[in-house]
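Student: Chain by chain, the residues:
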Amino acid sequence: MNQDIGIFLKKAEEYLSLAIEKDKEKEYGMAKKYYIMAAKLILEAAKKSPTELKKSRIKKAEKLIQRANSLPTPIAEKKEDEKIIQLLEKPRITFDDVAGLDEVKEKIKDLIITPFLYPRIAKKWKVKTGGGVLLYGPPGTGKTLLAKAVAGELDADFFYIKASDIMSKWVGESEQRIANLFKKAREADKAVIFIDEIDALLPKRTGSYSTVMRRVVPQFLAEMDGIDSKNDRILFMAATNVPWELDPAVLRPGRFDFKFYIPLPDFEARKKIFEINLDIPKEENFDFDLLAQLSNGYSGADIKLICDEVKRKMFRMEIEGKRNLLRTEDVSEIIDRIKPSVDSKLLKKYEEFSQKR
Amino acid sequence: MAEDIVLKKFDEEIKAAKKIERKIESIYLVIVGTQDIEEYSRKLMRKIRKEKIDEKVMEFIEENRRI
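Chains as they are written, first to last, in our numbering: chain A, 1 to 357; chain B, 358 to 424.
Bear in mind the hints are in silico, worked out from the structure with no lab data behind them.
Careful: at least some of the hints might be erroneous.
Unchecked claim - Going by beta-carbon spacing under 8 angstroms, a handful of chain A positions derived as facing chain B:
no.	residue
1	D4
2	I7
3	F8
4	A39
5	K40
6	L41
7	K55
8	E62
9	I65
10	A68
11	N69
12	D189
Stated by the list, open to error - Here are some chain B residues the structure puts well away from chain A; computed CB gaps all over 12 angstroms:
no.	residue
13	E360
14	I362
15	V363
16	L364
17	K365
18	A373
19	E416
20	N421
As the list claims (entries may be wrong) - Taking lysine-lysine pairs in the BS3-like style, the calculated list, with each CA pair at most 27 angstroms apart, reads:
no.	chain 1	residue 1	chain 2	residue 2
21	B	K375	A	K48
22	A	K204	B	K400
23	B	K413	A	K54
24	A	K59	B	K400
25	A	K105	A	K124
26	A	K272	A	K311
Glycine included, every Cβ here is placed at the ideal spot set by N, Cα and C.
Taking the hints into account, I'd like the entire structure generated from these sequences.
Tutor: What follows is the structure, given as structure tokens:
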């Protein structure tokens, strides 16, 4: 028995050296395969090992697979579908990384995450798990980040797709892509499917409805309904900036049971976004509160843009030998220059839609 | 007599080692030949997760037995 373990481990070591070599040479395709080969052999050894060693060997194998998964897939090896459907490594971000939105986070935790994490108890009390969540609100307010954080909290695979990428002019291809997306998600242990710009995929059925749409929309709705009845390990999330343009059939209960309005960040959230994005050398009396006040009406993405501009400005200043510590005025000047991307009319429209729901 | 036993044991060990070598070779062929290594790695990860859960169940049983 010990001899078997020895052989597996020796070979695993050989493949691991090869993997590291290929990894350094940036030959990721082969590096991935060698890492996985080494992991598989360590697992074989683990099967025959006593409990304590078994645990540490399983851990080691897991680390190697994680390394393999973190390597980029060479473009030439990517299939067309894989370029469109991005399976992201399990997101490491959690709700703590999302600034503000405390009320929404609390609701999501209560209504979605907890039943998802305790499926047996949820089943016992007939509480629904999985299903659909719609996030809507102005652009740049962190809808994608929030969806990633949900996947992070659930420790689930995260499938990200932009609705406009699914649409293809070739007959049958859009349907094929949708089928592939759901198939891949079903194969995962736990999955979050996130469809960005869902309005492009499921707009109101009007006269200008194309033939592609006529085929795609029903298939998509059927796949979503399928998630409901067959698989409670998939959470379906979607985001839109224009919820009023969605097909009303999508909004009916049973498809998107949970709809969350993601508003512009409030004072505390803006302050936190500045703090996260301005993690650079600052003067001692730097005033985040003032920046949060000045940026009322700005989205998270707007604030990120401001911070990027500030960083470039400071970089230039240091090169020119002027100054190497950030002052509050450096940021406030740029806030003055960059206007918020969401105007008050649009904001009103979101609020009205949110009240109707 | 004793020498015979040692030789027999040695023979068995070689046979077992060859069997493992063949197993490793077939694993290698599967992994290198696969078109979808991501899919293979996902499956492996699922196995690990299951293994970990089984481990926890065993630990739980062990602990309760002691109590």
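Student: Quick check: which numbered hints come out false for this structure?
Tutor: 18, 19, 22
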